[in-house]
Amino acid sequence: MSSHAATIAAAGHIAPGTAGAADAGRLVLLRDLKLAFRRPGQLIQPLAFFAIVTTLFPLAVSPELSRLRAVAPGVLWVAALLASLLALESLFRDDAYDGTLEQYALSGQPLTWLVFAKTATHWLLTGLPLALLAPLAALSLGAPPQSLGAIVICVGVGTVALSLIGSVGAALTLGIRRSGVLLALLTLPLSLPVLIFGARATELAMRGESFVAPLELLGALAVLGVTLAPLAAAAGVRISLE
Amino acid sequence: MNWRWFHRLGSPPYVYALARRLTPWFGWLSGLSMLAGLYGALLVAPADYQQGEGFRIIYVHAPTAWMSLMVYTTMAAAAAVGLIWRMKVAHAVAASCAPVGASFTFAALATGSLYGAPMWGTWWQWDPRLTSELILLFLYLGYMGLRGSIDDPQRADRASAVLAVVGVVNVPIIHYSVTWWNSLHQAPTVMRFGKPAMPGSMLAPLLIMLLAFTLFFAALLLVRLRAEILNRERTASWIPEVLKS
Amino acid sequence: MPHESLEAENLHLWRGEQHVLNGVGFALPRGTCLHVAGANGSGKTTLLRTVCGLLYAESGRVLWDGQDVQADLAAFHSRLIYIGHEPPLKPDLSALENLSYWVGVRRRVGRALLGAALERVGAIACADRPVRTLSAGQKRRVALAALSLLAAPLWLLDEPTTNLDSEGQGLVGTLIEEQLARGGLVLAATHQELPVARERLRRLELAA
Amino acid sequence: MSQFLDMGGYALYVWPAYAITFAVVALNVFWARRLLERARAAARRRLGVGGGEGA
Chain A
1 MSSHAATIAA
11 AGHIAPGTAG
21 AADAGRLVLL
31 RDLKLAFRRP
41 GQLIQPLAFF
51 AIVTTLFPLA
61 VSPELSRLRA
71 VAPGVLWVAA
81 LLASLLALES
91 LFRDDAYDGT
101 LEQYALSGQP
111 LTWLVFAKTA
121 THWLLTGLPL
131 ALLAPLAALS
141 LGAPPQSLGA
151 IVICVGVGTV
161 ALSLIGSVGA
171 ALTLGIRRSG
181 VLLALLTLPL
191 SLPVLIFGAR
201 ATELAMRGES
211 FVAPLELLGA
221 LAVLGVTLAP
231 LAAAAGVRIS
241 LE
Chain B
1 MNWRWFHRLG
11 SPPYVYALAR
21 RLTPWFGWLS
31 GLSMLAGLYG
41 ALLVAPADYQ
51 QGEGFRIIYV
61 HAPTAWMSLM
71 VYTTMAAAAA
81 VGLIWRMKVA
91 HAVAASCAPV
101 GASFTFAALA
111 TGSLYGAPMW
121 GTWWQWDPRL
131 TSELILLFLY
141 LGYMGLRGSI
151 DDPQRADRAS
161 AVLAVVGVVN
171 VPIIHYSVTW
181 WNSLHQAPTV
191 MRFGKPAMPG
201 SMLAPLLIML
211 LAFTLFFAAL
221 LLVRLRAEIL
231 NRERTASWIP
241 EVLKS
Chain C
1 MPHESLEAEN
11 LHLWRGEQHV
21 LNGVGFALPR
31 GTCLHVAGAN
41 GSGKTTLLRT
51 VCGLLYAESG
61 RVLWDGQDVQ
71 ADLAAFHSRL
81 IYIGHEPPLK
91 PDLSALENLS
101 YWVGVRRRVG
111 RALLGAALER
121 VGAIACADRP
131 VRTLSAGQKR
141 RVALAALSLL
151 AAPLWLLDEP
161 TTNLDSEGQG
171 LVGTLIEEQL
181 ARGGLVLAAT
191 HQELPVARER
201 LRRLELAA
Chain D
1 MSQFLDMGGY
11 ALYVWPAYAI
21 TFAVVALNVF
31 WARRLLERAR
41 AAARRRLGVG
51 GGEGA
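Protein chains in written order, with my numbering: chain A, 1 to 242; chain B, 1 to 245; chain C, 1 to 208; chain D, 1 to 55.
These are calculated hints, taken from the structure and not from any lab test.
Incorrect hints may appear among the rest.
Claimed, not checked - Chain A side only, calculated, beta carbon under 10 Å to chain C, not exhaustive:
#1 Asp-23
#2 Arg-39
#3 Gly-41
#4 Phe-49
#5 Tyr-97
#6 Gly-99
#7 Gln-103
#8 Gly-108
#9 Leu-114
#10 Glu-216
By construction, the Cβ of each residue, glycine as well, lies at the ideal position given by its N, Cα and C atoms.
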């Protein structure tokens with residue numbers, strides 16, 4: 001308390017300047033990161049889900065690494081897709097519930113940009129950790145150690161596209177009760193190209209071949225997503241406030 | 001901004017009356033051309049030298065597949081117009097499209113499977129076209145699911161419109177990725193749908209069928225559009241007038 | 001702030017089958033406060049949300065400085081602050097953190113200024129406590145601190161006095177009076193009386 | 001005639017394909033008409049208009 005009094009005395013009356021869009025986006029990102037780390041348990045959930053799903057396959061298919069290796073790229077990508085989807089439901093939900101989205105929409109800052117910042121947080125908190133966890137899962141499914149670096153890169157790039165596609169679905173299903181299944185129904189078909197290119201890149205990497213072509217396609221999807229998805233997601237957020 | 005009241009108040013009764021006047025024309029034309037197409041497809045067209053009489057399935061498969069895509073494109077275009085100009089009638093058009101498109105996508109899948117079955121020896125192949133068609137069905141289901149879950153009609157219109165536009169951007173990407181994927185995993189061609197140059201007696205019934213189904217879609221759209229307009233116009237004074245007859 | 005004024009003309013809005021706004025209109029010159037009154041469900045919140053452009057009126061328009069706000073919504077939004085009946089605060093963040101992010105999206109403010117604002121509304125004691133532990137009235141006060149920090153010429157307040165004790169309600173009155181004295185405008189929706197001087201107050205009664 | 005119905009041995013595939021397609025066509029006609037009739041009935045109820053039955 002006394003420290004506050006001191007700073008107030010020192011502050012005097014400085015006219016506050018207007019924040020630029022970059023400042024606003026950075027603040028939205030920092031705020032979401034800080035909020036997420038206040039509840040670390042929820043951060044771990046999608047990762048634990050990913051780990052469990054990839055564990056199911058050896059038990060369901062066969063413990064032979066030679067057979068698992070054949071399905072490993074598919075398993076990795078389906079699990080990553082579902083884990084990313086799992087974390088999407090809460091992307092805008094809490095902010096919609098307490099009126100924060102309303103404040104963003106009325107802030108005079110471009111909502112597209114703020115929505116993009118929130119989506120970036122989703123990637124930092126699920127996509128990036130998934131990319132770091134993927135090599136472990138791949139190893140358990142029989143991937144050769146020299147392919148692990150490539151797998152990190154592929155999952156890292158692919159999850160960027162997944163987060164962006166998902167942000168549109170999450171925004172459009174705002175305000176719908178029990179929206180989880182609908183969110184999956186909207187998001188999964190749109191995520192199909194990511195799954196195809198991602199699994200192919202992983203497969204090539206595991207065989208020790210060049211995976212540049214599918215990785216480039218994944219990158220193209222991510223770039224396309226960065227340019228278009230925030231626009232659609234912001235439109236979705238605006239509509240949910242109507 | 002006089003365009004706003006123009007669209008809002010001026011359009012619906014006009015569109016309603018126009019739709020009512022045009023429906024019989026489209027309906028009868030599509031019925032007649034469908035009969036003509038059927039006659040050509042079943043009786044005039046010769047059997048294919050490779051696929052024999054089984055080839056005749058193309059006369060229903062191609063039009064339904066064409067419908068599935070055309071209806072989606074129409075829906076997305078109407079949705080975009082509705083979003084940009086806040087045009088109620090455009091949203092009503094988009095709402096009318098989805099169930100029609102979904103049902104024809106289902107028909108395209110079923111006929112595709114029946115077309116492939118004798119050639120492949122199996123009822124389902126992960127053929128790129130059939131796979132894309134299946135994804136398109138999921139897109140339709142997602143669209144209808146979203147529309148059905150939002151209670152407020154205007155929000156439902158606008159949210160599903162965003163989804164339709166996002167979907168139509170994705171359809172070519174999905175189709176490309178599926179084709180690309182398929183080329184990796186399968187011998188390039190088991191069969192191609194209607195690729196080589198067809199003789200006129202084969203091609204003409206196909207074109208007639210495509211026309212017939214397009215006209216049929218137009219007629220359906222006009223009927224559904226009237227229903228959607230009636231459901232959307234809450235206080236319009238013109239409605240009692242059109243309900244009398 | 002030169003000649004800021006807010007007008008609404010003949011607003012119509014339906015929610016499903018309900019005609020919530022039926023030809024609502026008002027004119028608010030600078031330095032005045034509009035008290036939007038009416039029973040529950042009479043459309044007070046809807047009117048506020050329509051004025052600030054969250055909802056789209058099916059007919060009618062809102063004018064800021066004589067300009068239709070739909071022409072440049074972002075510019076209009078940077079001139080207003082809207083506080084709904086639930087202040088947008090995160091339970092897991094402290095009052096000070098909440099305030100810094102909320103205000104920071106629009107303006108650069110130092111910690112000192114934030115502290116001063118909290119001091120002003122009598123919530124300095126809650127500065128470092130997570131909002132989850134605050135009472136409804138204390139949350140309201142934190143929202144009032146945001147109001148004074150954002151320095152927007154137009155305030156749209158939904159039930160600003162709920163959950164506040166009599167001293168807190170007086171504070172709302174003082175803040176509004178100060179805003180009006182600066183030439184600002186206030187739109188407050190409440191079914192309670194507003195502690196604001198009569199000559200600056202106008203009243204709009206919405207029928208249910 | 002039976003030769004025509006046999007479709008060169010493809011009857012099992014050709015006829016169901018045609019049947020499904022035209023079932024979908026017929027269903028669409030039925031759904032569209034029902035939708036319009038219901039919309040008209042609802043509008044009548046809402047606006048309290050009498051008037052002729054049917055569409």
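The hints, checked one at a time:
no.	hint	result
1	Asp-23	7 Å, holds
2	Arg-39	7 Å, holds
3	Gly-41	12 Å, violated
4	Phe-49	23 Å, violated
5	Tyr-97	9 Å, holds
6	Gly-99	4 Å, holds
7	Gln-103	5 Å, holds
8	Gly-108	3 Å, holds
9	Leu-114	7 Å, holds
10	Glu-216	36 Å, violated
The structure fails to meet hints 3, 4 and 10 from the earlier list, while all remaining hints are met.
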